[in-house]
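Undergrad: All chains, please: the whole structure from these sequences, using the hints.
Read off the chains here:
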Amino acid sequence: DQQVKQNSPSLSVQEGRISILNCDYTNSMFDYFLWYKKYPAEGPTFLISISSIKDKNEDGRFTVFLNKSAKHLSLHIVPSQPGDSAVYFCAALRGSQGNLIFGKGTKLSVKP
Amino acid sequence: ETGVTQSPTHLIKTRGQQVTLRCSSQSGHNTVSWYQQALGQGPQFIFQYYREEENGRGNFPPRFSGLQFPNYSSELNVNALELDDSALYLCASSPTGVGGETQYFGPGTRLLVL
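The listed protein sequences derive, respectively, from chains A and B.
Take the first sequence: its letter number 9 is residue 9 in this note's numbering, and every next letter is one higher.
Take the second sequence: its letter number 86 is residue 86 in this note's numbering, and every next letter is one higher.
In short, the hints are calculated from the structure, not lab data.
Warning: the hint list may mix true and false statements.
[To be verified] Only part of the chain B face toward chain A is listed, based on derived beta-carbon distances under 7 angstroms:
#: 1; residue: Ala38
#: 2; residue: Gln41
#: 3; residue: Pro43
#: 4; residue: Phe45
#: 5; residue: Asn59
#: 6; residue: Ser65
#: 7; residue: Ala87
#: 8; residue: Leu90
#: 9; residue: Gly100
#: 10; residue: Glu101
#: 11; residue: Phe105
#: 12; residue: Gly106
#: 13; residue: Pro107
#: 14; residue: Gly108
Cβ atoms here follow ideal geometry from the backbone N, Cα and C, with glycine treated the same way.
TA: Shown next, in the form of structure tokens:
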């Protein structure tokens, strides 16, 4: 029973274009959602988060949108760069501290 | 401010053996969590420690145990290793209070059980 789902295992985008990574969740009690980026042989690196009371959070080229009625969030990367090529994990959290529940990840490839 | 470090980076064990993995959290981070990431999966929560006490546990058997020390270091111990324990083991630390929802991960220890 997956509470956080990333239904696209991979995504390929041209450099300079927008990358949109999607995530769905089933538990309406989640308070925070986080995106992590992971390169091979490294641990996940925190990218951006959003509280459940907001619908958008922006940090430079990265924007996360939250649609609570649809239980859906998305990460937009504009413009995409080859260095953004990595696996992106969506994660959810109940309360301010606890266990993160991760999706299976989406592998993003940005082609020059 | 130093990041989260883990040791060793790689480890090979045989079925039935015991293993200890180590993590050094960021200074000032009182909470440490351990995750198991199997191939092709997202990280799965094993347990969390807050100020040296277990503060939550995922769906893992008791042969997975942990310790947290006052100097921001922690251990994950796994007894009676099974083939399915082969995975990347990640620790993550987080501060108490504001920003506590963000967990900062170490590079992981890759364990292979033969």
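Undergrad: List in ascending order the numbers of the hints, as given earlier, that are violated by the structure.
TA: Hints 1, 5, 6, 7 are the ones this structure does not satisfy, whereas the remaining hints hold.
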